[in-house]
Structures are given as C-alpha cells and as structure tokens.
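Asks: So the chains spell out like this:
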Amino acid sequence: MKIETLLVRSGVGRDPSTGSITTPIYQASTFAHPALGQSTGFDYARTANPTRTALEEAIAALEKGEVGAAFASGMAGVMAVLALFKNGDHLIVSEDLYGGTYRVLNEIFSEQGITVSYVNTAHLEQVKDALRPNTKALFIETPTNPMMHVTDLPEAIALAKQHDLLTIIDNTFMSPYYQRPLELGADIVIHSASKYIGGHNDVVAGLVVARCSSLGEKIRFYQNAAGAILGPQDSWLLLRGVKTLALRMEKHNENALKIANWLTAHDLVEKVYYPGLETHPGYEIMKKQATGFGGMISFAVSHPDIVSTLLENVKVITFAESLGGVESLMTFPARQTHADIPEEIRNRVGVTNCLLRLSVGIEHADDLIKDLKEAFDAYQQ
Amino acid sequence: MHTNNNKHRFGTNLIHANTGIDGHFGAVNVPIYQVSTFNQEDETNNGRYDYSRSGNPTREALENTIAQLENGYAGFAFSSGMAAISSVLSIFESGDEILVSHDTYGGTYRVLTRLFSKFGIKTTFVDTTKVEKVEEAITKDTKAIYIESPSNPFLQVTDIKAVASLAKERNVLTIVDNTFLTPYLQQPIDLGVNIVIHSATKYISGHSDVIGGLVVVSDEKLAEEVKFVQNAFGAILGPQDCFLLLRGIKTLKVRLDQQLKTALQFAKWLEEQSLVSRVYYPGLKSHPDHKLISEQANGYGAMISFQVQDEKVARHILQGVKLASIGVSLGAVESILTHPATMSHASIPKEVREEKGITDSLLRLSVGLEEFEDLKQDFNAVFQSLEEKALIK
Chain A
0 MKIETLLVRS GVGRDPSTGS ITTPIYQAST FAHPALGQST GFDYARTANP
50 TRTALEEAIA ALEKGEVGAA FASGMAGVMA VLALFKNGDH LIVSEDLYGG
100 TYRVLNEIFS EQGITVSYVN TAHLEQVKDA LRPNTKALFI ETPTNPMMHV
150 TDLPEAIALA KQHDLLTIID NTFMSPYYQR PLELGADIVI HSASKYIGGH
200 NDVVAGLVVA RCSSLGEKIR FYQNAAGAIL GPQDSWLLLR GVKTLALRME
250 KHNENALKIA NWLTAHDLVE KVYYPGLETH PGYEIMKKQA TGFGGMISFA
300 VSHPDIVSTL LENVKVITFA ESLGGVESLM TFPARQTHAD IPEEIRNRVG
350 VTNCLLRLSV GIEHADDLIK DLKEAFDAYQ Q
Chain B
0 MHTNNNKHRF GTNLIHANTG IDGHFGAVNV PIYQVSTFNQ EDETNNGRYD
50 YSRSGNPTRE ALENTIAQLE NGYAGFAFSS GMAAISSVLS IFESGDEILV
100 SHDTYGGTYR VLTRLFSKFG IKTTFVDTTK VEKVEEAITK DTKAIYIESP
150 SNPFLQVTDI KAVASLAKER NVLTIVDNTF LTPYLQQPID LGVNIVIHSA
200 TKYISGHSDV IGGLVVVSDE KLAEEVKFVQ NAFGAILGPQ DCFLLLRGIK
250 TLKVRLDQQL KTALQFAKWL EEQSLVSRVY YPGLKSHPDH KLISEQANGY
300 GAMISFQVQD EKVARHILQG VKLASIGVSL GAVESILTHP ATMSHASIPK
350 EVREEKGITD SLLRLSVGLE EFEDLKQDFN AVFQSLEEKA LIK
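Chains A and B are the protein sequences, given in the same order.
First residue of the first sequence? That's 0 in numbering that gives the first Met the number 0, and the numbers climb one at a time after it.
First residue of the second sequence? That's 0 in numbering that gives the first Met the number 0, and the numbers climb one at a time after it.
Next up, chain A with everything else stripped away, as it sits in the complex:
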C-alpha cells in the first residue's frame, strides 16, 4: 500500500461490532475481566487503551516499525527514549536541537549521570571525534530546529552501527510522509505529534516508534511504569489528523518553497534556511533520503529591530510557539523555543536575535507573502 492510502486507513475497521469507520473514543480507565486470569487484551488504560492502541499501531505502520507508543507530549516521548540509558552512559546529540530536549539532557539527565556531547551531526567527522568507549547512542534531528542542518542519514546510521550505537531520529519536521528513518536503518523515531501529525495546533502529544520489538518492549515498559501516556480524546484527534497528512504536507511544502524564494530576494533578509532551496547545503542529501522538504523556514533579518516590527505587524501569520499546523506561525527562537540554551551556544550555532522561524501553513501563498511584505514595509516606513 502507498503511504497516502495507509494514512487514510489509520484507525479504520477496528470496531467490528458496529462497523464504525472511525475508531471509537474509549473514555475508559479500566476494563472488566471475563474471569480471573483472563483479559480482553485491555486491563487498565494506562497500560493500553483501544483508541490509543489504534494510534500506536497506525504510527508504527507509517514509520515501518514494529512498536509504536503514544505519550502526553513530544517531551514525554523524548523522556521515554532517554530512559533507555543509565548512569555512566554517553550520548552524541545534534547541537542545534529543540530547546526542550536540551533542557532535559542538561538539567535532568546530567544529574543522573548521563553525559552528552553536542556536535553538528551534518559533519560526520564531528560525530567520530565525539565517540567514547561508553557512547551508547546517536540522537539526530534532521533537518535541525531551527538551523535546518541536514544529516546524511544512511551515512550516520552506518557509522553508528559500526560502533554499536543506537540511532534515534527526531522526525518531527519531516513526518513519515516525507522521511522514514527506520527504512534507512535507524532504531527509533520520535515525533512531537503536536506538529505535523496532529496538524491543527489542537493537541500536545508525542509518538515513539521502535524498529524492533525488543527496543519497543523497553519503551512500553517505561510508558506503563512512568505513565506519561496520551489520553483517548487526544489519541483520536491524532488519528483524525493523520488522514490528511499527505495533502497538508504537499501544500506546506509548496507554500514554503514560494515563501523561501520570496524571502531570499528581500533586501531586509540576510539569509534564508530552507532545505528545498537548491543553494541549501543539504539540498542533494534531502533529495536522496526524503521525498519532500517540509514547511519549515528559518531566516535571519539584517537588524534585530526588524524582528519586533515583523512580529507586531503580521496579521495572517500568528506570532506563537509550535509549528506544523494548518495555520502559519512565526516564532522567535532565541526568546521562545530555544530560550533554555545559553546565549553563547545560541549565537555560535546561529540562533541569534535576528533569527525568525516560520512554520508555513496551508493558507494561500499569495496571502502569506502579502502579509510578510506589509510587515517588512512597516519597518521600512
């Protein structure tokens, strides 16, 4: 089955007693046992809930993994994966990654004796240099948030395998529609499903998919023990969101390319980071390992003052954190998503006071460009 079909089939045909096309929302905490020692497969909803299970099986099918698990937020999903490691382990992580992941690694896991090296995983020699005898995993975002660095996944995965490391890929920016890291040999995929998978800025959620069942079981153990699960209503909204993922991603991609080109030509824009531009250093790699470039653009303006004028004057585009929804959102990473990263690191990687991140929605591109133009004009006046 093609992915477009798989997407639409998510959660379909799971209720033979009524024939309902969609999976019911099982707002249930517990399930009656037919008899002692017997189970319907569902005992207590923290362990498994039929609505959540439908979502977990759908994401596993889409990412071509064996086990899917749904969590209360993207960060709860990241935590579940990081809990695979223990005191004394070392991880190599993409250096410009989401601020929330940086925060838990730096402030919580470090206290528990897990060490981390941050490198630009787009340059594999940096990964090699960071290797230690106790390195256990390579954690990659590609493209990265917000600098859009692209890592060559097959090469990075081959290097990891050589050194017996797990490869963990945050696939939030691409979604399984455009990029399927498990097919390329990665071990674990993580999603902030609040983004493209949900797609409507209406759910906070995380999804994790493991390629093999042994890793999947460990993640499930943690999911049940620590209990950071996703509720049935939110699970159902993700199943609903998934159905239109292909259509939305195509439109996000089409709009983003138009806007990236328009921004490139603007006098007040210093640099545009969008991997769908032929000038982007990761363009050729993206063409090999993904089937599209996504809807995320970062751009640096020529003066920090332009930032506030733009944020105050955009009308169709909303000034808000988050991304991947049908509505276009503009974010100021230095103050919002990446505020937890120390300033000197932020400036070194490019998350400066001039950088803005645009999550391009599915509005008409002309309206988005007009909105941006008027906001830039406001500064020039």
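Incorrect hints may appear among the rest.
The calculated label-pair distances, taken between Cβ atoms and stated as ranges, are [stated by the list, open to error]:
no., chain 1, residue 1, chain 2, residue 2, range
1, B, 388, A, 212, 42 to 50 Å
2, B, 272, A, 34, 46 to 54 Å
3, B, 226, A, 116, 25 to 33 Å
4, B, 28, A, 3, 38 to 46 Å
5, A, 19, B, 117, 40 to 48 Å
6, B, 370, A, 15, 32 to 40 Å
7, A, 15, B, 220, 51 to 59 Å
8, B, 119, A, 283, 44 to 52 Å
9, A, 212, B, 119, 23 to 31 Å
10, A, 302, B, 167, 54 to 62 Å
11, B, 135, A, 65, 25 to 33 Å
12, A, 160, B, 130, 53 to 61 Å
13, B, 94, A, 19, 46 to 54 Å
Here are the simulated DSS-like pairs of lysine-lysine, each with C-alpha atoms no more than 30 Å apart in a straight line [stated by the list, open to error]:
no., chain 1, residue 1, chain 2, residue 2
14, A, 160, B, 117
15, A, 270, A, 286
16, B, 6, B, 160
17, A, 257, A, 372
18, B, 160, A, 85
19, B, 139, B, 167
20, B, 160, A, 127
21, B, 355, A, 217
For the record, the hints were derived by calculation from the structure and aren't laboratory data.
Ideal Cβ positions, reconstructed from N, Cα and C, are used throughout, including at glycine.
Model the placement of chain B on the given structure of chain A, informed by the hints.
Replies: For chain B alone, kept in the frame of chain A given last:
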C-alpha cells in the same frame, strides 16, 4: 495562584472553587481548550499562556481547583497517577533516599525499584504505621517519606501528623498519596504534609472514564520544582481529561457520602460471613487503626479488603459476582472487585508480595453506588452456591 475560599463548606467549594479562568459568554463551566499554542502579543514578554505543555487554561482550572480543595499552594495535573508520582520523584537527585510505606501500590513499587533505582535514587521500605520505625530508618541521605494512608490493599493507617512533624524536625519532606480518601475525607497538608498525590483516575474522576494524576504542594519552592519537571518532562494531562476531572469533582461529596454508607454496611455484613476469614476496613471498630483514622480523617473511605479461605474460594467469588466488575482500578460509581495478587499488585515479585500478606486468597472491593441490598444479594448468591458445592471443608 488561587485565592482560598474558606467561607464556604467543602461541598460548596466543590461546586464553586475559584478556577482562576475568566468565563466567556457567561458559560458556567470552563471551556475545553483543545489547543497546543497561543498567540503572543510581544516578542519580549510571553503572554499568560504560550504553549499548552507549559500551561493550558482548562488544565489550570483543574490545577487551581485541586489546590484549593487540598488547602495547598499550587496544583499540577499529569497524564496518570504514575506520571504524577514519577514527576514528584524526579525532584530528587542521585544519592537521595526515600522512605516508603511498605504496604504500597504495585505501580509505585515498580517505578521506584526498576526505574528510579537506575538513576541512583534509593528506596527503603518501612512500616510507616509505626512512627518509631520511621525514626530509626531516617539516615543522612533521607530526603522524603512517602506514605499511603490508608494503605493499599490492607487499609493500614499512618499517623500522618506524627510522621510529618518528625520529618520536619529532620528536614525531610512528607509526601502522602491521598487517593483512597480524597480531600473530602482527609487533608494531609493541614496535617503538616508537603506534597499530596492523587491517582485522579479513582475518586476524583469517579466514573472509570479518565486516567489522570494530580499533585498539590504546600509552598512556593516546591511549586517551582514540580512545575519545572511538569514542563520539562511533559507528562501533562490533556484538556478533555482535565474537563472530565473538573466535572467529576462536582459530585465528589455526594458520591462519597453514599459510598461510605454502603461500604460500612457491606464491611459489617462481610464480617458475619463464615466464608470470610478477615475484613480490612478502617471504619470497623475491630480495625486496629479505627481510633487513629477517626481522629485524622472525616471518614473511612469505601475500599474494603477481605481474606477468604483459599485461592479456590477467591476464584469462585471473582467468577460468580455479577454486579461488581472484575478489574483493576477503584473509586468509581461502579463497584470493582480486584484480586490484588494477580492484578493491582502483580508488579511486585511473588516472594515480596507474600511477605506483605498479599496472598491469592485476598480480595479488594471498591464499593460503588449500587444499592447495598443488591450488592449483598449478589455476593450472598455466590457464597451460597459455594456452600452448596461443598467446596468448604
């Protein structure tokens, strides 16, 4: 933060707690904010809400409500009772030691011994019903005492005030799992406790329809620590489930008033049954902690554990009863009968479980809102059929 509304009685506060969320259009209830992100006005100052993991109005209404009901400083909502417990445990560091009631929920036991142990947090199980044992167990590394009272499944009662005051002297935090009694029947913060935890899946929701966890802390410093973990780990409760908990809270008192009454009647009736060798219900005068719980709580709850002759009898009861659902969980409008050894406490290794007395002949009943006479008839029919089958020696 919320403002405490002490001028009303508890039952009124359940209906009129200050949610801290302004009503729109005069709606009597807080809207379900099914949203992940919020428009920001200005790039230098974040608005009251920016991203729903950090704060969501529906969740905040619930958090403010539970904080008021528990007379605490701030409340926090999590995706399950275990997520609440795990998040509270995450405020501790490698090298810290926690003393835990030896008769504790299987899931709490599991997360302490298999997850937090990996991160260097040490757990010592102690009989918290004996204050002198708690005192002996405190070491220089002890950072907290974690109590379930009444405990699960034996309904043992800890003198919360005495333990909390000992803990305070030794600069140790006291944490109470208040799931079995709810703030209606027991307010641990008033007894000197620092952190209260609920599996809100149980009485707070009351309808077997939500998995949720709640935490209430007594002061600002703890509020900051728990808030940091809630946002960083992100084990938050979704808006729909927050709304359902707010909805459940409205009927907490009327549900419990009825459940307490039925539970006492049922416990007394069980005591008279020849097939039942022992009944654990703190509302019975025969319960060793009856006097203590009468002093520190406003009621005895609706959880009853009872011992039958052997596993065979237990199995027949589980198969024969019709009104009570067989399942895990508790605290709902439906009566739920559990076999702790294979269900709620299955995550504890067999030898540890048996040492605790959780044998195959122990049953736990969460008394629901069915009428006493119907519950009695249901169980009576099973007891009679057992006697007829002459299974009893």
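Asks: Now tell me, hint by hint, if it's right for this structure.
Replies: Status of each hint after checking the structure:
1. B:388 x A:212: 42 to 50 Å: 44 Å, holds
2. B:272 x A:34: 46 to 54 Å: 22 Å, violated
3. B:226 x A:116: 25 to 33 Å: For residue 116 of chain A against residue 226 of chain B, whose Cβ atoms are near 29 Å apart, the range 25 to 33 Å holds.
4. B:28 x A:3: 38 to 46 Å: Holds - the Cβ-Cβ distance for residue 28 of chain B and residue 3 of chain A, about 40 Å, lies within 38 to 46 Å.
5. A:19 x B:117: 40 to 48 Å: 42 Å, holds
6. B:370 x A:15: 32 to 40 Å: Given about 35 Å between the Cβ atoms, the range holds.
7. A:15 x B:220: 51 to 59 Å: 54 Å, holds
8. B:119 x A:283: 44 to 52 Å: 46 Å, holds
9. A:212 x B:119: 23 to 31 Å: 29 Å, holds
10. A:302 x B:167: 54 to 62 Å: For residue 167 of chain B against residue 302 of chain A, whose Cβ atoms are near 56 Å apart, the range 54 to 62 Å holds.
11. B:135 x A:65: 25 to 33 Å: 49 Å, violated
12. A:160 x B:130: 53 to 61 Å: Hint holds: Cβ distance 57 Å, inside 53 to 61 Å.
13. B:94 x A:19: 46 to 54 Å: This hint holds: roughly 53 Å between Cβ atoms.
14. A:160 x B:117: 26 Å, holds
15. A:270 x A:286: 21 Å, holds
16. B:6 x B:160: Holds, at about 25 Å.
17. A:257 x A:372: 13 Å, holds
18. B:160 x A:85: Roughly 37 Å between the alpha carbons, so the hint for residue 160 of chain B and residue 85 of chain A is violated.
19. B:139 x B:167: 14 Å, holds
20. B:160 x A:127: 57 Å, violated
21. B:355 x A:217: OK: residue 355 of chain B and residue 217 of chain A at ~28 Å, within 30 Å.
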